[in-house]
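Taken in sequence, the protein lines are chains A and B.
In case it helps, this note's numbering puts the first sequence at residues 1 to 479.
In case it helps, this note's numbering puts the second sequence at residues 1001 to 1097.
Since the hints were derived computationally from the structure, they do not count as laboratory data.
Misleading hints may appear alongside valid ones.
Computed list of chain A residues with no C-beta within reach of chain B, every gap over 10 Å [what the hints assert, rightly or not]:
(1) Val12
(2) Ala199
(3) Phe360
(4) Pro382
(5) Glu400
Listed next, the stretches of chain A that the computed footprint assigns to chain B, with coverage defined by at least 3 CB atoms under 8 Å from CB atoms of chain B [claimed, not checked]:
(6) 151 to 165
(7) 338 to 350
For glycine and all other residues, C-beta sits at the position ideal for the given N, C-alpha and C.
Here is how the chains run, residue by residue.
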Amino acid sequence: MSQANTLMAVLVGVPLVGAIIAFVYPRLAVSITAVCAGVMVAAAAGLTRLVLSSGVLRQDVGGWAAPLGIGWQVDGLSAGLLLLTAAVGAAGAAHRAFEALEQPFFWPLWLFLWGALNVLFLSADLFNLYVALEVLSLAAVALIAMAGGGALPAAWRYLLASMLGSTVYLLGVALLYGRYGALDIALIADALETDLPSALAAALITLGLLLKAAVFPLHFWLPSAHGRAPAAVSAALSAVVVAAAWYLLVRLWFAPFGAFQGNGVGVLFGLLGAAAMVWGGLLALVQHRLKMLIAYSTVSQFGFGLLLLPLAGGVGAELAWRGAVVIVLSHGLAKASLFLAVGGIARSQGHDRLDAVGGFGSGGVLPWLALVLAAASLLGVPPTGGFAGKWWLLQGALAEGAWLWVLAILLGTLFTAAYLSRLLAVLLRPAQRGPQTGRPSPLTALPGFVLALMACGLGLALPALERLLSSALVAGGLP
Amino acid sequence: MIYLLLAGVLFVIGLHGLFVARHLLRKILSLNVLSAAVFLLLVALAREADPLDAVPHAIVLTGIVVSVSATAVALVLLVRLSRPREDQRKLMDEEGG
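With the rest of the complex left out, here is chain A (with noise of 0.2 Å):
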């Protein structure tokens, strides 16, 4: 499995290394970043390869093992997860080198927000976990940042919230450290015992994640933290840095936190999603700018995402898996293209606000293709993956005959369409004529218009991610 561990140590140390050599020589920065990008998306789709065919991955970094070195592992789910970061990744970084905008900078901290989101999906060590989401935040603040003017106070916002998060995690961290010796979750998940210090932990740590994920009604600070930042940057938050906090919540809690899950938390989670999109659909109905419709709708789609965990202990529970997972990896993809769409639009039409903007086709053509595609797999049309998703995601909910659920998921669904429609009346309008601050290179439409496709074409593959997110390949078992 020599060939696996090289993979890893790549998707890990090729980020770190060339995001410092970007810093040092911001002359070559965009060449690194393109090569980085290229040995990531290979690296990441050749571990998807090798987890198809041998089933879970896991080595023990420097031979040390796991009590105390550092585990790590990749099942169906961080694959998954891998190719998507490396998707968005690749996608982000292509539009902003066509933007030609000056700043260097941009280069080693989306290289840093890469190489933390890989190795928060390959790790298996509750503090190496801690150690990637800091790094995480702080690139994504900075990325934040860049923005300038109002993107200031929600970088500030989203800073504070997310140091909170993983001081509290850290917390739950530090309290399971103490009960079990151990830090990586394998080990954790045999020794757990229902106990009040291990309950307190598993508290505190899902208050850390929830608060991370941006899960109503800890939701605050996303919509202008995403709302503001720079495109590529919205992009890559709202598609994958929101679905690695969702992701750990998901991997704890099913594994090692599964002792807990009885109704009671189950039930919660559900709630909280259900109010997530209920919440987020309501807001993003009243939203005045375009940016802020799309990152509201994040908050809402999340709810779906949550609902796998009341769903996890059932009949239903590998339908509901493969259809959540799929939930939130076509939202990924589909969320990146859109606010990449916006972004093209909005720079050629100098805002997003959505009284103004419009109609099809102002501005270049293909941004506005994207946004079709991007908004069909959203709300979940066939053949697209969002439909694969939900569909998969209804039928493990009605297996269960869990019908709270099941009306969740088609109110969510109802809300997806209401405010999708507004983006409907905008592409509606007749395409302007007036004062245009810019025509941007057709290219810039290109990575986003890419990711629709994807997203869409996510619907097609859908016998290899059966057999990616089946419950053989998941680490630990489905509970």
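Following the hints, complete the assembly by docking chain B onto the known chain A.
Chain B only, in chain A's frame:
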């Protein structure tokens, strides 16, 4: 045991400061108190263990590095924020605080 209690008290003080403080610098300091509380807890746990456990010390060292970097980023942001005042007010108006 007394150190564990002290860690708990520090954590509550930090949380209180973070939510109540109006000055942004105080919020950064509250975050530092919070992380100090977690570090104290870890070191206290290491002391209780038998035989002596070195892993929490390594964790605290790494945690201190992380918290120093986070504080540095927060301070840079604070300096940037305190310069243009009108942007901030505009944001407050737009998003209703």
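10 Å cut-off, C-beta based - Phe360(A) kept clear of every residue in chain B:
Holds: least Cβ distance 28 Å, greater than 10 Å.
According to a criterion of three or more residues whose C-beta lies within less than 8 Å of a C-beta of chain B, is the stretch 151 to 165 of chain A covered?
holds (count 9)
Hey, does Pro382(A) actually stay past 10 Å from chain B on C-beta?
holds, 37 Å
Please settle this one: Glu400(A) was flagged as non-interface, so is its CB more than 10 Å from every CB on chain B?
holds, 38 Å
Cβ contact check, 8 Å cutoff: the stretch 338 to 350 of chain A against chain B, three residues minimum:
Per the Cβ count (0), the hint is violated.
Please verify that the nearest CB of chain B lies beyond 10 Å from Val12(A)'s CB.
holds, 16 Å
Would Ala199(A) pass as off the interface with chain B, using Cβ distances and a cut of 10 Å?
holds, 16 Å
Hint 7 from the list above is the single one not met by this structure.
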